[in-house]
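**Q** Respectively, the protein sequence lines represent chains Y and X. Residue 1 is where the first sequence starts when you use UniProt numbering, and the numbers rise one by one after that. Residue 1 is where the second sequence starts when you use UniProt numbering, and the numbers rise one by one after that.
Warning: the hint list may mix true and false statements.
Copies of one chain are not kept apart here, so a pair can be met inside one copy or by any two copies together.
Only pairs whose alpha carbons sit at most 25 Å apart, straight line, appear in this in silico DSS-like list of lysine-lysine [what the hints assert, rightly or not]: (1) 171 <-> 239; (2) 133 <-> 6; (3) 86 <-> 148; (4) 43 <-> 31; (5) 239 <-> 180; (6) 239 <-> 178; (7) 239 <-> 174.
The hints are simulated quantities; they were obtained by calculation from the structure and are not laboratory data.
Protein chains: 2
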Amino acid sequence: MKIYKKGADASYTLGVFPTIELLKNQPDLVKRVVVHSSIEKNKGYPLIKELCEKHHIAIDVHDATIKKLSPKGNCYAIGVFHVYEKNLEEGNHVVLVNPMDMGNMGTIMRTMLGFGIKDLAIVRPAVDIYDPKVVRASMGAIFSLRVKYYESFEDYHNEYGHHEIYPFMLKGAKNIHKVKPTGNYSLIFGNESSGLDDSFLNYGQSVFIPHTELIDSLNLSQSLGIGLYHFTSAQFENKEVLR
Amino acid sequence: MKIYKKGADASYTLGVFPTIELLKNQPDLVKRVVVHSSIEKNKGYPLIKELCEKHHIAIDVHDATIKKLSPKGNCYAIGVFHVYEKNLEEGNHVVLVNPMDMGNMGTIMRTMLGFGIKDLAIVRPAVDIYDPKVVRASMGAIFSLRVKYYESFEDYHNEYGHHEIYPFMLKGAKNIHKVKPTGNYSLIFGNESSGLDDSFLNYGQSVFIPHTELIDSLNLSQSLGIGLYHFTSAQFENKEVLR
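One chain only, chain Y, in its complex shape (with noise of 0.2 Å):
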């Protein structure tokens, strides 16, 4: 195994918890899990165990292969995957336009699937989701998501125009309170520093989420949680205890 370059057909986890998350949610793609000699101790490799057997994915002992993909040590087991895209499904979407920072990505991956959004579109330029480094940013929630890249977003918009559209601006046309959401909806956010361009304005309803005039903007993940936490609202605001 190399390491990881972009454009490369196969990636990998580095660590016990997200290779579980992978062979739990995507044991198709895996090819193979290379696992440290001192792994025996560790209280999630039972599980690797049984989801290897149970899918016939070999385990591989080798140190070596450890010590090169993880240099920092620490690191456990990796699973080897298949690169892989997929389509997206009907339902809400987040779109992110340009994001370019990989641990904000993950962090990203992860708030999605705690708010139960599934499908992630990304519009070129982008960071690539499949570097290690996001793929253990997201703690595995890569594995759960459906993931694709545009080359615009018009071409997204030409697949999903008919979703309800919610740029999230400064210059956003309406206040985030104000919003609720009637059908099937996307969320677009732009890039960590530049944020959307107004051409985004021109697109179903823009919105900011208020703040004070003491900063500039709020921060990417931040905003995304936020915005999540709104427009899902309606499907948590009656769960009377969180398990």
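Since the structure of chain Y is provided, determine the placement of chain X on it from the hints.
**A** Frame of chain Y, contents of chain X only:
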């Protein structure tokens, strides 16, 4: 100037933007400003000069100091300031119990400022907010907040037990959607990995942010962003434009 160590009586901003925030908001605490010889072209420099002149603060051109404190480059100004602690004021508070992540802490400070909450209590053990990494991540927001450390939550509670206390917990007794504050409140958040322990169920009205069972929990800064968005909504929901 030495590289900052926890407990030192002076720390410093790294970069033009946070240095300006320091000079604008806490000029009395500034010991001096150090700039790189190539700062002349930087468009923030005239404002730094103006603020230093106004407050009689010396500007030293000293590339070696900049290089020592910011070895990665890309830093043109450093503001050296006395480490300070301020008493909290009456009003709404955020209380962080045992926060440990420097980057998170900076983001949290910025988000607080964005929602107009300027008082932050931190229960030790905790990250050192004067670490230049926190100052940088806060993008200078730290200089607009009042931050006070407490040795225990009891110590904070002895001072502010008359507030409405809302501990954010996975086991929280009430869905956040069902909770509205009626007076001054304190929002309590636990450590990044372990959250708040069960003893916090005994304080005020514990709340949970509902999410799917597909993730273990939202991360600390997401929870805080959502919590602030929700609790401050009365103040922002009628704003017609962001700026």
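**Q** Which numbered conditions among the earlier hints are violated in the structure presented, ordered from lowest to highest?
**A** none
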